Each structure stands twice: as structure tokens, then as C-alpha cells.
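K.L.:
Knowing the structure of chain L, use the given hints to seat chains E, C, S, B and H on it.
There are 6 protein chains.
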Amino acid sequence: MRVDGREVDQIREVTIETNYVKHPEGSVLISMGDTKVICTATVEDRVPPFLRGQGKGWIAAEYSMLPRATETRNIRESSKGKVSGRTMEIQRLIGRTLRSVIDLEKLGERTVWIDCDVIQADGGTRTASITGAFVALALALEKVMSKGKIKEWPIRDFLAAISVGVDQKRGEILDLCYVEDAAAKVDMNVVMTGNFEFVELQGTGEEATYSRAQLNKLLDLAETGINALITKQKEALGEIATRIK
Amino acid sequence: MRVDGREVDQIREVTIETNYVKHPEGSVLISMGDTKVICTATVEDRVPPFLRGQGKGWIAAEYSMLPRATETRNIRESSKGKVSGRTMEIQRLIGRTLRSVIDLEKLGERTVWIDCDVIQADGGTRTASITGAFVALALALEKVMSKGKIKEWPIRDFLAAISVGVDQKRGEILDLCYVEDAAAKVDMNVVMTGNFEFVELQGTGEEATYSRAQLNKLLDLAETGINALITKQKEALGEIATRIK
Amino acid sequence: MRVDGREVDQIREVTIETNYVKHPEGSVLISMGDTKVICTATVEDRVPPFLRGQGKGWIAAEYSMLPRATETRNIRESSKGKVSGRTMEIQRLIGRTLRSVIDLEKLGERTVWIDCDVIQADGGTRTASITGAFVALALALEKVMSKGKIKEWPIRDFLAAISVGVDQKRGEILDLCYVEDAAAKVDMNVVMTGNFEFVELQGTGEEATYSRAQLNKLLDLAETGINALITKQKEALGEIATRIK
Amino acid sequence: MRVDGREVDQIREVTIETNYVKHPEGSVLISMGDTKVICTATVEDRVPPFLRGQGKGWIAAEYSMLPRATETRNIRESSKGKVSGRTMEIQRLIGRTLRSVIDLEKLGERTVWIDCDVIQADGGTRTASITGAFVALALALEKVMSKGKIKEWPIRDFLAAISVGVDQKRGEILDLCYVEDAAAKVDMNVVMTGNFEFVELQGTGEEATYSRAQLNKLLDLAETGINALITKQKEALGEIATRIK
Amino acid sequence: MRVDGREVDQIREVTIETNYVKHPEGSVLISMGDTKVICTATVEDRVPPFLRGQGKGWIAAEYSMLPRATETRNIRESSKGKVSGRTMEIQRLIGRTLRSVIDLEKLGERTVWIDCDVIQADGGTRTASITGAFVALALALEKVMSKGKIKEWPIRDFLAAISVGVDQKRGEILDLCYVEDAAAKVDMNVVMTGNFEFVELQGTGEEATYSRAQLNKLLDLAETGINALITKQKEALGEIATRIK
Amino acid sequence: MRVDGREVDQIREVTIETNYVKHPEGSVLISMGDTKVICTATVEDRVPPFLRGQGKGWIAAEYSMLPRATETRNIRESSKGKVSGRTMEIQRLIGRTLRSVIDLEKLGERTVWIDCDVIQADGGTRTASITGAFVALALALEKVMSKGKIKEWPIRDFLAAISVGVDQKRGEILDLCYVEDAAAKVDMNVVMTGNFEFVELQGTGEEATYSRAQLNKLLDLAETGINALITKQKEALGEIATRIK
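Residue numbers (full-length UniProt numbering), protein chains in the order written: chain L, 1 to 245; chain E, 1 to 245; chain C, 1 to 245; chain S, 1 to 245; chain B, 1 to 245; chain H, 1 to 245.
Just chain L, with the same shape it has in the complex:
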């Protein structure tokens, strides 16, 4: 049995509370077990300089943790005066994967800013951010479309993310909590569409390696997790979910 009593192929309890904050066009509070992230989507009627005049939009993402989201307090990146390598990797990942399911031409010359702020962390903050951000993005695009600014629905498919890993004793496991993550030999994040196509696959063995057979077991677990998460996204989106695919 795992540290919190789950089966190896079982995800933690997931809740997605929509419209959690009043100002943004779209927002959710996503909880995966004790990991809690506020995801907001802000629509801006302009694009970054490299895209101007091309009739295409952009999705940009930022990620941060409250200083005491974790067991020990982290120094704020604003106080340090720079964003860490880890934060940059995560925010690039969130933006890149969301763009893969959006038709940027249909979005038109506008930028959607995704902000993922972790208020409590217990492993899997980057995957929870992607899963929650997708819902906030759909809410925001629905709102913009209802105002007539966008003519055609720009979301091509669902998108969710989950972690899998190799535990010393239990072997391949799904949706690692912090204690499991810290002890894992292999840590892998999988981002998939509703069609079970890969958008991103990142598997790391720090001071360890893994075989192709292990990779295949990890990917099987990931599909199980993605399936469960997309079900939750559909519930959270209600009517809007029917517009996707």
C-alpha cells in the first residue's frame, strides 16, 4: 500500500472550483489531494512583438508558489530579483502544452495570460497547474466568444497532465504526492489530449535510469490518470465541455 493508502494506479481526490476569483475572465481553484492551485486566464487584445500582424494569438503562462505553500518557507522570487530555473521550466511547459490544443488563428490577435499560483503544495504542482489552467482557459474563451470577439471556437481538444514514477518498493505508481516524489527513482510528467495523444513527455532519472519496459508501464498508468482528469474537467465545464471536440 502507498503512503496515503492508494492503489498504484489510483489518483488523489480532485476538485475543480470554477470562477474562484472575481476579476479574471476565467479562473479555477484546483485541488489534487493537498496540492491546491489558483489558475486564472486573462485575455489581452494584443500579441507579443514577434507575432504582430500575423493574425494569430498566443498563450503565455506564469507560475509561482506562495512562500509557505511548502513545508519550509521559500524566499520569494521577487525578493531574489530573479525567477529560478525551475519556475521558468514550468511556465514554459504550461504555455507550450496549452498552445498545442488551441487554434491560434481562430484566437485572433490576442494573448491569453495563464497564471498558476500554488497556495498549497504536496507534489504534482506543475501537472495540477496544466489541468486547472485548461479549464480556466476554456471559461475565458467562452466569455470572450459570447461577447462576439471570437467567431469560431478555438479549442481543438481537452488537455490534462499527470505525474507517474518509479518507487523503490512499489514499482511504477500514478500521481505522486510529495513524499513519494522525493523518494522516487524516476519522475515523469505526461501531458495528453482527450484523444490520448502525447503533447509532452518528460521523464527523468536523477541518479538512476529506466528501461523501455518500465517506460511502457509508466505510460499505461498515465493514460489511466489522464482519463480520470478529463472526466473531472468535463464536469467542471458543464455545457462548455460539449464545444470541445
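For the record, the hints were derived by calculation from the structure and aren't laboratory data. There could be a bad hint or two in this list.
Which copy is meant is left open, so a pair is good if it fits within one copy or across any two.
Listed next, the in silico SDA-like pairs over lysine to any residue satisfying Cα-Cα at most 20 Å (straight line) [stated by the list, open to error]: (1) K143 to E71; (2) K217 to Q202; (3) K217 to R170; (4) K56 to A208; (5) K217 to R73; (6) K147 to I244; (7) K149 to W58; (8) K56 to T72; (9) K147 to E197; (10) K82 to R92; (11) K245 to S211; (12) K185 to W58; (13) K106 to E142; (14) K234 to R110; (15) K22 to D34; (16) K143 to T70.
All values reported here derive from a predicted model rather than from experimental measurement.
P.N.:
Below, chains E, C, S, B and H without anything else, positioned relative to chain L:
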């Protein structure tokens, strides 16, 4: 009548949810109307260099807003690579005023880090931060004391903060929401103890001035507000409140 | 008796030397006892982005100390690569209070940059900066107006600033020198117009509090000080003083 | 046929020139087609703070491009005052993957700094950096060991890296040059040991997705490439190669 | 005749006011025509890390201009968050040249911080800084020696600096004011000891060149200027001057 | 005899390999003994803001060392987040001296970026950078002119740079290697045209001074070195060399 239907001497609805986040020694979610701030208190067993070896503790505060806490999205200070003047003023204010009701010798050589993160803003974020941070601080010190690290209770008095201002039409008003704050001729923040002594008084007339008579009316309103807030703090703290004074 | 022999309601010797530096449109060297500040006013024919096209001007201020203005040498903020919270608070205060007595429409689309550089510090550098900067600003606006760029005189009233505080032994005192400031229980800065209206009031009790009765005594002292300072400003400005009010 | 005439499963010409620079403990110039990287390994007799006193060593990596390594000139990161997200991702990847084949206890309390400086870029700079850095690291550890500082050989296995991707017309291809990389639908970097175990797998579909069948073809190609690269590493290392595994 | 009526070999009027600021161990206000610089010397009882434990001292220098020392306002380097290349060159020059006439062993393990702050600029600010800083340094060392901290007088010789240049019409000229400097084909700064030995020679032809014959004429002029400046330094130092050489 | 067996007036072996990197308009690898620098020239069809609309071009230079170009590893300036004073001095020197032999009007409104990256250092990196950069610049301008963008050849003369110094034992010496440079009493860099006119002369005696007689001997040596270097430049440039002068 005011924009949200309140009387000139009426504060907004206040709620203080304790232990809102699981990792910190003390935490609350304070809401004053639509202003919502997560306040956490982290206890560290060391002090800044300038205090080492003096047997005294320190209270340090940091303040931040989520990018979309406001009507339009703000660029993160971590992305800009520096903390704004406004943020610095606010975090210096929070730390300084909390220190005024703490016996730093009784705290011993430890630092309490106060983090105030605004997740939704509608005026009065700095005063809500102080009022909420006081409760988070009391919760954290209770926990540390229960572990025997602190021998004597170090909190000397309650502490709360409220805004008052001069409105073009309604004159002096209490607890300004964002719309009122943006239109006010005079903006004043008052931080007081449970004994109605001043800890900090900051009154600004941007492109306007105010008379001593107006000042007196504003201070009367502030006392009313502070009184109501300290009642809420007592409810939130329950048993712990009886240890203060 | 106070440390330098003054009465509790007596300010230090004040001198304001006009046109101290040759390049700026307006400049003074103000001395309040051993505190000496060079204040310059630079007029630029454009405004910050947020004001463009509105027909209004702006007053912006910067404040700095020479590294050895103080008893021990301070590291330059340029070497540290960032401006401290204290400096930001002071320069925001100087700009904000000067703007309160200027008709920004009459100033037209131009910015006046106020630079306050402390060459010797002995307490009260921010209040001396405001008092001196007002004179430099008036000199600069007179020069610009004499060239016909400004049609109507934009200064609505005099502006001066003074510190007051609560001393352990002597109670409420006016115009604290450094030794008094370091020992004071309460430190308050008051910025007033020639009409004795408040522009800014900032009263802080670090590790102490103060009552409303004490506040009233402090404000009485402040009025005495402001009165004396405005008399000095009038002498320094000579003929130009008659245009104000 | 591919843009440069290669088969889909053919890598570019690879050369590894050892001891390219005279000062470092280990250094190579690696060329993969027109991509050229100077990799150096510097051994320092201390570890970062988080490892002190644990009897373990560390491998840290930095990566940079000369401004005109690319078709258009890039602004130096030293001039911009910060390291980009892309650079951080790459240097974290290089350090992490090298650590996976090193026994850090056998290394003892020392840090090996890996510097990868791209002097000419034509796609695959991060994978060439890893493949070259492994050789520079082995040269450096041999030198340190020959001086008796390290008792047991700390390298557990070979390590090489290669890119694979999905081309619009040719499907899955091995070792993408810049033109192919810019046009690819899917871009994947694979880091493997001499035993064909995975150390890192990063596969990204920007504005595209890929199926599990495609993933399998890409991994087959990657094994072919890794095999060829490790043969080159063995040639470059000569006698030293026999100590690995 | 030159723009201000001087002969080609004539320096501007020089005054050196000692003990201009009250806190530093040594300070002067040096004026060369309209160029005015406050130079202070601060003695600290420790040395930079690279010198610790060697029984030697150090002279470090910093240079800055008030924003409105010049005809148009300069943005503060503290606001820009970095020190310009020009400033760095000048402060390295000041420190290096002062060290050349100091016996650092006799100074002992202490650092003298030289601060040169230009309050009004009219050409030659770096040379005036060196000439003034030498006097501030001598005053500070006299004070430290009188307290018995230094046993032997550490200053080996006088040190002064002057600019020379090639004017389009008048040829070689001494001590250029700003207008001359801006128009000069060749600009040279010469730092010499009381013995007319060179400490530093920096001659630059921006978009121009100069011959060896011209160099010799420039050096002759420089000697004339250095001679006059050292006479002024001796007057300013009075009795202390007799200890040097 | 000198440390490496050379005569006092003998330069090290010099090689200049042209078109060393494939992307830039001009590039060389220059070696002076064990000092090796990659110099590239990039032509951009625009000028910095201060030159816009004047019909003139600009030469800007940047200089850097690989971290392990030296005996001990240097921290990257990109990691430190700022460029050192030494680097700024050198890159200003390279740009300024190259501009002195270029007719900026004939260059037209374009910028040539010179990048000098030291891959191995053994003294004289700044002078080798200038000598190599001149060749890269000539190659780049030839290429731009051959495309018809520039009508008249803009290079007025050759330009090379060499170090000279005063050795404790051997007196005046030419082209110091690192060991000689570290021990020298006087260090001088001389930049001259093909006509033996000075462009820049920088002579420094750190903790030492030098006489006019010594200066003259150093300048004689420098002419010998410059002569040899320009011969090498002519060989490297071949046909192109005949267009210069």
C-alpha cells in the same frame, strides 16, 4: 448612500478563516468585502544579522498580489526583477506595526515571517493584511509556545488596521472599497491597538489637503472600525484571545 | 534641556541658499542644523506615458544620500543595484506632497524632476528635502514662466515639512536631530501648506504606541515649525514669494 | 532524401577533439555536422552548501552560445543581466543527466563544473553538449584520479544524447539539423547510457501531438544514434574508455 | 584665445576646501573652474577578502555625479540598477592611481574608501576627483595616525591629475573645460607624482589619431599643470604636506 | 632571457585563421602564443538611437572570456547578472579604437557588432582582440561592399594593438605573456595605425611609477610589435589588404 449601500461609519462584512493553509505555523484567509488575503506566519529559529546575540526576536513581513487580483492584470514583481516602491512601503508597514505589540525579548532569538498574499483586491489590502496577519501571528506563537520553545506569552495587545477617507460628496467615510478609494480626496490608514492607542497613522491628500477638524472626524471613524475588527479577531482566535492582555 | 540646548518647541537654524548649482532650472542648498541637502528642479517638456495627451504635467522626485553623509559609510544604491525601501518611500513622499500644491493643468505637459541629494545628515533629511525642494521648484517654474512656456502661475500654496516626536524624558519635541530621532518612542513627519492644512501626516511608534492627546500636542508643535520654515522660504524666494497665494 | 542528403536513421559526421583548451582538467571540441561546442570540466575541491559534510560530490553545468554562433546575432545574456529560461533548462539538463552515471560518493566532496560553449550552432546543441561533456568529464576524473585524490573510479556507464523528431514529409528522423528542427512537428531529446537505459526523455509537440506508435519509432531511432555516439566517445577516450563499465 | 580666455598652457582657477563634510575622516570640496567635486575618505578596519591575512591595506574608490551636475539631467545609476562602463572606468582609475603612492604595508589591514561625488560638472571631473581625493586621503591618514593606529606615515609622494588635448584650432591645450573637451580630437588624462613620474597615461583619439611629436607636446603641458596642482594641494594640507616626501 | 626564451623586443608567434565560424559576415581565430580569441563581425542595417537619421554608422564591441580560458575558472558574467568593470573597459576600448580608422559616413546607417570571445588566455587578450577584430571587420565590410550596400571603401588605415611593460629584471619588454604581465611594474597597451600614429595609449603603474625616459623606450618597442602585427594582418587579408590605404 455609499456605492455599496453602506453607512459612512459602517465597515464591510469581515470573515477570518483560521488554519487556511496546512504547512505554516499560523495562517488565515481574511475577507473584508471582496478583498481577500491569505496571511501566513512562519517561525524561524534565528534572527537577521543586525540582531544576533541580543536575545531578541524579529517580525518581518512580505506582501504581494496575485497578478489578477485586480481588474487589470499586473506584471509579477518576480518577472520585473524588482519589488515596487508601493510593495516595499506596505511590507515595511506590516512588519513595523506588528512589532509594536510584541515583546521581542520574550519572543527570543527567532524571526516570525509574515506573508500576506492578496488573492482578490477591492481596496484596503494593506489594512486587511495587518488585521489578518495579527491573527496568523497569534496562532503561530500559540503553537510555538505549546511546544515549550517560548516561556512567556509575547503578545502585549491586539492590533488591527482600517482605512478612512474623505469622499467628494459624502465627506468622511470608513473602510473604503476600491471605487471609493480611487475617487477619495484624502486617504488615511490607521493602525491601532486594542487599547485604542495609535501605532501608525498615515494620511495623504494627493492633489488635495485636509484640515485638523477633518482629521478629528476621520480618527473617530477609525476607532469605530478598529473596535469592530478586534471583535472579529477575538472570535477567530477563541481561547487564544484570552491570553492577549 | 535638549541634547543641543534647544527648547522643545524650537527648530534648528535654517538656511536656504538659492541657485547653488549652475545647470538646473532651480536649485538650493538647504541646511537645518547639520543636515544639508542639495535640491534641484529640472523641467522636461514631456510627461510619463500614463499622462500623455491629457494636458497635465507631473512632479517626480528622487532622493539619495552621499555614502558618507552619515556617521558610518553606506553602500551606494547604484553598487547594490537596487534602491532601498526607505529611499523609495521618501521619494514617493516628496513627489506626492509637492504635487498637492501644484495645479498640474497649468503646468501643462511637462515633468519637473526634483532631485534631493543629502550631502550631510543629522536627522530630518526627508523633511528638509521637501522644504528645500519646494523652493527649487518655485525657482524653476518662475524661470520657465519667464520664457513664456507657462501662461498661468501653477503654484497654489507654500509647502513645508517638519518632524516631531516623543522623547523618553522631554515628551513631545519639535525638529529632531539624529540623536533624538534614534532614541524617540514616536516619530512623526508632518507636511503642511501655508494655510496650515495637512498634506501628509505619518506618525509611527516603533515598539511603542501613542494616545490621541499626544497626537494633538505633536500637531501643535508641527504648526509652529511649519510657520517658521515658510518664513524662511519667503525670504529665500524674495519677489517670487509674492506670486504664491 | 533529407535536406543534407542523409538517410532518416543516419547521424551527422561526429568528431571529438580532446584536450582542446590547455587550462581545464578535461576539455573537448565536439562537432556534429556544423554544430561545434567546446566542453570543459573543472574540478573544485568543495561542494555547494546543501551538500557540505555528506562525503558526496556534485556535477554542475553551464551552457552558453557565442553571440554569432547562429544565423542572426543573439544579445549576450551577460548584457541582458539574466540567463534565459532556455539556457537554464539546458544547463539543468546537462548537470542532471551527467550525475546519473557518476557515483557521487566515490567522487568525494568535490564539484565538477561542466562548461559547454557553443561556437557554431546548427541544431542539436544541447545533445552535442551532453555527449561532449561526458568525454571532458572522463578526462578530468582520470587526471584527478592519477593524482591520487580519488581512490575508486566514479563513472558507472557511458552517457550520450541525441535528438529525434517527426518531419512533415519524411516522418520520424534522427539527429535533426537546424533546418529540420525548425520545421519539425515533434522534437524529442533522448539521453541514454551505454546500456541503453533512459536517463532523460523529453518529447514536445509544439502546436502538434504524437501517438504512442510514433513514440516507439522515435525511440528506436534514438538507440541507433546513441550507439554510434558511444562508439565515437570510446575512440576519443582510448585507454580511459576501458575503465568505464 | 581659448573659449574662456585662457592661454593654452593655463589651468583654471583651483580651490580646495578641506573638511567640507563633518562625518568622514577626511573630506574636501575641490573646484577647478566650474567643476566641483566632494571627495571623502573613510577608513575601515578591514580589507577585502582577497587581501585578508596579508598585513596589507587597500584603497577603493567610487565615483558618481548628481543627476543635474550636467547641462541635461542624467538618470541615476541606482534607478537604472547598474553602474555604467564610464563610471566603472573612472572609479577603477581613481583607486589604482592613489594606491601607487601609498605604502599598503604601512597602512596595515585597513581599507580607505574614497568617494568622489560631482556636484557640478564642466569637464575634467575624473582628474579633479583624483587631485581632490589625494588631499582627502592625506587628511584621513593623518587623523588615523594621530590616534596611533598607524605607526609609520604611509604616503610616499604627492599625486595629481590633469587633462590635456588637441584642439582643432589651437593645437595642444591644458585642462580642457567641457566645451573644449567635446570638440577635442585627442583627449588625454595624465596622473603624475610630485616627482613628475607617470602613474597613469591615457590618451585617446576618438575618430582621430596623434603623432609622437604631439604626444610629447601634450606631456610637456601636463607637467606644467601637475606642478600647479601640487602647489595647491600643499597649501590645502598645510603642516601635513611636510610629511609627504 | 625571458620566461619563454624570447628577446625583449620579440613578439610571440601569431596566426590569424580567417572565416573560422560560418555564420558571421567576418570572423577570425587569432592566436598570439597561447592566447586565442574568436573575433566575429556582424553587420546590422540600423544604428543606435543616438545616431539615427545622421547618415553615419557605428562600430560596437563586446568582449568575454570562456569560464575556463584561465588557470582558475571564472564565474560567468551572465550568472552574476552583470558585466564587470574590466570587461566594460575592454569592450569600450575595442569599439573606440576600431572606429578611429573607419569612415563612419561611408559605412552608412549600419552597425558593425564586434564580438571577441577569448577561448584560451595567456596575457594580452585585449590587444589580440583588437588586432583580430580589425581583420574580421575588414572581411565583413568586403562582403557587404561586394553586395553593393556600401559604395566607397570605409577603412582608412590598418589598426593593431600590442602590450609593452617594465619587467623587474629585464627592463622594458614587448608583448607580455601572463606570467610576465602578473609580475610587471608597468603595463602599457598601445593601439596604432599602419602609419604609426597613436589611436590609444594606456600606461599604468600599479603600485609603481615610470619616467619619461622609460615611456620612450616602451613606445619604441611598441612600434616594432605593431609593425610585425600589421604584416600578419596583410597576409591574412590577402587581396583585401590592398584596398586599405
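K.L.:
Each hint needs a verdict: does it hold in this structure or not?
P.N.:
Hint-by-hint comparison with the structure:
1. In this assembly of identical chains, K143 and E71 lie within 20 Å of each other by CA distance solely across copies; the values are 16 Å between and 37 Å within a copy.
2. Taking the closest pair of Cα atoms, K217 and Q202 come within 20 Å of each other both inside a single copy (15 Å) and across two copies (17 Å).
3. For the identical chains of this complex, K217 and R170 are intra-copy neighbours only, at 13 Å inside a copy versus 29 Å across copies, given an alpha-carbon limit of 20 Å.
4. Taking the shortest alpha-carbon separations for K56 and A208, only the inter-copy value of 16 Å comes in at or below 20 Å, while the best intra-copy value is 42 Å.
5. Proximity of K217 to R73 under the C-alpha cut-off of 20 Å is found in neither arrangement, the shortest distances being 36 Å within a copy and 42 Å between copies.
6. With identical chains, the CA atoms of K147 and I244 are at most 20 Å apart within one copy only, with a shortest distance of 19 Å there and 53 Å across copies.
7. Taking the closest pair of Cα atoms, K149 and W58 come within 20 Å of each other only inside a single copy of the chain (15 Å); across copies the shortest separation is 37 Å, beyond that limit.
8. Within a single copy, K56 and T72 get their C-alpha atoms no closer than 42 Å, and across copies no closer than 22 Å, so neither meets the 20 Å cut-off.
9. Taking CA atoms no more than 20 Å apart as the test, K147 paired with E197 passes in neither setting, with 32 Å inside one copy and 49 Å between copies.
10. For the identical chains of this complex, K82 and R92 are neighbours both inside a copy (16 Å) and across copies (16 Å), given an alpha-carbon limit of 20 Å.
11. In the homo-oligomer, the alpha carbons of K245 and S211 lie at most 20 Å apart only across protomers (18 Å), although the nearest pairing inside one protomer, at 35 Å, exceeds that limit.
12. When the C-alpha separation of K185 and W58 is checked against a cutoff of 20 Å, the pair qualifies only between copies, where the shortest distance is 18 Å, while the shortest distance within a copy is 36 Å.
13. Only within a single protomer do K106 and E142 lie at most 20 Å apart by alpha-carbon distance; the minimum there is 13 Å, versus 47 Å between protomers.
14. When the C-alpha separation of K234 and R110 is checked against a cutoff of 20 Å, the pair qualifies neither within a copy, at 25 Å, nor between copies, at 48 Å.
15. Taking the shortest alpha-carbon separations for K22 and D34, only the inter-copy value of 9 Å comes in at or below 20 Å, while the best intra-copy value is 23 Å.
16. In this assembly of identical chains, K143 and T70 lie within 20 Å of each other by CA distance solely across copies; the values are 18 Å between and 34 Å within a copy.
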